[in-house]
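Protein sequence lines, in the order shown, are assigned to chains A and B.
Mapping to this note's numbering: the first sequence position 92 is 92, numbers consecutive.
Residues are numbered in this note's numbering as their position in the second sequence, beginning at 1, plus a constant of 1000.
By construction, these hints were calculated from the structure, which means they are not laboratory data.
One should not assume that every hint holds.
[Unchecked claim] Anything over 12 Å on all C-beta distances counts as not near chain B; from chain A, calculated:
#, residue
1, K10
2, L28
3, E60
4, E64
5, S161
6, R167
7, L168
8, R229
9, I294
10, S419
11, P424
12, N446
13, M452
[As the list claims (entries may be wrong)] Restricting the straight-line Cα-Cα distance to at most 30 Å, the calculated cross-link-like pairs of lysine-lysine (BS3-like) are:
#, chain 1, residue 1, chain 2, residue 2
14, A, K42, A, K31
15, B, K1384, B, K1057
16, B, K1161, A, K42
17, A, K42, B, K1384
Glycine is no exception: its CB is placed at the ideal position from the N, C-alpha and C atoms.
Here are the chains, one letter per residue:
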Amino acid sequence: MNIIIIGCGKIGLALAEQLNNEGHKITLVDKNESILQNAATKLDVMGLSGNGAILSVLQEAGIEDCDVLIAVTGSDEVNMLCCLLAKKARDLHTIARIRNPEYEDEIRYLQEQIGISMVINPERMVAHEILTLLRFPSATEVETFGKGMVDMIHIRLSGNSPLCGIRLRDLSRTIPAPVLISVIERDNEVIIPSGNTELLENDEISFIARPSDAVRFCKLCKLEYNASRSAFIVGGGRIAYYISRYNKNSRSKCQLKLIETNQERATTFAETFDDVTVIHADGSNKQILIEEGIEHADAFVAITGFDEQNVMMSLMVDKLSDARIITKVNRLDPEDVENVVPMSSIVSPKTVTADEVVRYVRALESSKDSEFESLYKLAGGRAEAMEFTVNNDPSIVNIPFSTLSLKPNVLVAAIIRGSNIISPGGADCMKPGDSVVIITTLRGVNDLHDIMM
Amino acid sequence: MNFRIVAYFMGWILEVEAVSMITPMIIAIAKGESDVWPWFLLLIVVLAPLGFFLTRKRFRKGNFYVREGYAATGLGWVLLSMTGALPFFLSGRMPSYIDAVFETASGFTTTGSSVLADIEALGKGLLFWRSFTHWLGGMGVLVLILAILPMSGGYHMQLMKAESPGPSVSKLVPRVMDTAKTLYLIYIALTVTMILLYWISGMPLYDAACIGFGTAGTGGFGVRNSGMADYSRVSQILITIFMYLFGVNFNFYYLLSRRKFKDALKMEEIRVYVSIILINIVVVTLVNWHYNYRAEGFVYSLHHSAFTIGSLMSTTGFSTVDFDKWPELTRLMMVLLMFTGACAGSTGGGLKVSRLMLLFKEARKEMHMLIHPQSVRPIKQEGKVVEHSVLRSASNYLMIYVLIFVCAFLLVSIDGYDFTTNFTAVTATLNNIGPGLSMVGATQNYSIYSPLSKLVLTFCMLAGRLELLPMLMLFYPKTWTKHY
Chain A
1 MNIIIIGCGK IGLALAEQLN NEGHKITLVD KNESILQNAA TKLDVMGLSG NGAILSVLQE
61 AGIEDCDVLI AVTGSDEVNM LCCLLAKKAR DLHTIARIRN PEYEDEIRYL QEQIGISMVI
121 NPERMVAHEI LTLLRFPSAT EVETFGKGMV DMIHIRLSGN SPLCGIRLRD LSRTIPAPVL
181 ISVIERDNEV IIPSGNTELL ENDEISFIAR PSDAVRFCKL CKLEYNASRS AFIVGGGRIA
241 YYISRYNKNS RSKCQLKLIE TNQERATTFA ETFDDVTVIH ADGSNKQILI EEGIEHADAF
301 VAITGFDEQN VMMSLMVDKL SDARIITKVN RLDPEDVENV VPMSSIVSPK TVTADEVVRY
361 VRALESSKDS EFESLYKLAG GRAEAMEFTV NNDPSIVNIP FSTLSLKPNV LVAAIIRGSN
421 IISPGGADCM KPGDSVVIIT TLRGVNDLHD IMM
Chain B
1001 MNFRIVAYFM GWILEVEAVS MITPMIIAIA KGESDVWPWF LLLIVVLAPL GFFLTRKRFR
1061 KGNFYVREGY AATGLGWVLL SMTGALPFFL SGRMPSYIDA VFETASGFTT TGSSVLADIE
1121 ALGKGLLFWR SFTHWLGGMG VLVLILAILP MSGGYHMQLM KAESPGPSVS KLVPRVMDTA
1181 KTLYLIYIAL TVTMILLYWI SGMPLYDAAC IGFGTAGTGG FGVRNSGMAD YSRVSQILIT
1241 IFMYLFGVNF NFYYLLSRRK FKDALKMEEI RVYVSIILIN IVVVTLVNWH YNYRAEGFVY
1301 SLHHSAFTIG SLMSTTGFST VDFDKWPELT RLMMVLLMFT GACAGSTGGG LKVSRLMLLF
1361 KEARKEMHML IHPQSVRPIK QEGKVVEHSV LRSASNYLMI YVLIFVCAFL LVSIDGYDFT
1421 TNFTAVTATL NNIGPGLSMV GATQNYSIYS PLSKLVLTFC MLAGRLELLP MLMLFYPKTW
1481 TKHY
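Next comes chain A alone, as it looks inside the complex (with noise of 0.2 Å):
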């Protein structure tokens, strides 16, 4: 597909990058032609400089033959007029990042009006995502499918576990929680389990359950499975504050202490919720932590502007306590971090974003048969866990999977169907209605016909 990115900062880059793995032909956009040469010496792309809100401009990028344009400059209103005027021009998909709070409360309202086919906002997704690490402390990711129903949950296995050794043909008989192992991670190799394999100490696996099945499984296991109550915050930007807003409405409520810096932001912040404690400091100072009481907090979340000010953060808290810690990063890669601060998540918008946006463009390659619902990307991109919905299609509906040849290195990890879960074996079938998990190493999967042999 033919891709017009406007905008070439971090999440544009990061967008431009997996975008064109994916072999779609990408027209970057930017004021700024120093940046444009670099990313085009590192990628395969095409960049042009100049003001992606103009007519003229957009034409030179081709939006005649264009199918998405996306809209990500530094200013949310910028990013409006863009997919406006590109809306005007041509009937295409637009994607706008809009993360301003103010905007939050009309924004169907704004996407109606204006035409954006999808609204992408970093700091939100973030905070979404950290508030669900928040609930499942053990868990280095989570990820839901089935608006909910289940879920896929990432932890590593540590020395003294009980899962270190077991073939996962036996699991069950030693686990009794029904869930299904779906990759393994040993060292930097991907692997699909069989049940012939056998779980060894520092694999990293995931696992598919039902939210209850995944707590009981975590009981038996001996991991940590009550969500956290208390939780630091460095840093109260946006994130911090859509954290704090989600966390007001949520079931499993947790007490929040946020540090900032910024004295008229903490008051901003105080003002905004009444059940933060606001503490206007440094929070890298080691002093503080301590006085505020660190050691007996559930989670350190460093959530500050700079990427090195948070990794150095959770290097420190790690010793001072045994908070689950994540760490927020902007400019590097999650891959790179991960093994600097070795106990802790990392969370990073432009990731978070860039797999969002990749799932909307792989939803519109998608044949009619079935339709691509959700995708995370795992292992660092080398795996990709992907949900469809089945349509009725007689190659695929109603046929057992001992008959249908799926080809090697997939996976298909779970049905949903109405209110029921399947870990699917050789006499299931899917059905139309269906919603269905497939986990695979295989590239460019668009639609249920892409797994089949």
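Following the hints, complete the assembly by docking chain B onto the known chain A.
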């Protein structure tokens, strides 16, 4: 330096070469040249597996940077010339290997300088191969490989930059592979049309194809001892037109194919290119008519002047008349046209119109700054402000160009021929033209030079075709160190 990647591209180059040798071999078999075709067959049988061996493993992603791109380009072209010369040498029709390398490099770099007095003695198979190297070298072998080979990452744009002529290479479409494909598509379409037209105009098909390859790559090898003089007036006019067309920036054709006629006609470089051509045609025609062609008439003068200007400006190097015999003024104008060269992004050589435009604009800015020292005056080309780095590299290019020119001139002068001969020999090879003046004129050849001079001139041809830097990089020690 990542040698495995360089070797990988060498492998691909060998495979492309092996495949291109198939047609000349078939022609040699058909013409019963039994001393030629077995050698083609042998080379195909040796080169193809060798190439396959080198390309058997795909390199890992991400360790392919600028210097690998430049080294692969420079080495690749040396390899092309050295292996492409083998059919001439092995068949015994060119007894000296250095001569054969000179001839092949002249072919791939689309120069068209020859060391042969009697070219027809090569036989049809080798002549076809000689002309086909023009076509392959015109758009570039690596560009062809980029068009065939799916690769991810943006670094192989370096290959394209290293091989394509012009001060700043831009993509036509977002992906390198599609850009390379588009370029080759335009190239093939133009070539096929041209060959058909030549054929219709009365040339034998074999001649039409060979001359077609020579015109498309702006090379200049003929297939007859008489050069272009044998062909009909209509054929010569067609050749003239196509020589001008292949000197045009291929962006122009891309815009035309996308029906963006206005944008195409607005291209500054095309306008300057056309202006230079028109001014030259008018002046040269009149001067030649007045001094030389009184008896033959005005039309005769126009025809041959236009042909020669097209031939030299597009750096093709075909000739219908010996322009060495022209009056001093037009003779000099022809030498200057050799330096101008064709448009950037065409198959032609020389300094390139757009680069000269930049240099002139810079010179004008320098004068302007003397009068208004505080003024802010960006240099614009094609309606866009030119980055400082592009300007800098254009000036440096000229400097390096002069340096190489002087060195080559000195080395060639060891042989003791006159100033005009040596000067135009270096000019004609460094700018990828073909014939020079005096003893290397249109009716002469380069066989007078010693092997050393031939090697120097071969280097000039390669440097001229690859825009100097990829060849110079080969001699820069830091290119070859394992660590940066």
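Here is how each hint holds up against the structure:
no., hint, verdict
1, K10, "18 Å, holds"
2, L28, "9 Å, violated"
3, E60, "9 Å, violated"
4, E64, "10 Å, violated"
5, S161, "34 Å, holds"
6, R167, "34 Å, holds"
7, L168, "32 Å, holds"
8, R229, "44 Å, holds"
9, I294, "40 Å, holds"
10, S419, "43 Å, holds"
11, P424, "34 Å, holds"
12, N446, "18 Å, holds"
13, M452, "24 Å, holds"
14, A:K42 / A:K31, "18 Å, holds"
15, B:K1384 / B:K1057, "43 Å, violated"
16, B:K1161 / A:K42, "14 Å, holds"
17, A:K42 / B:K1384, "24 Å, holds"
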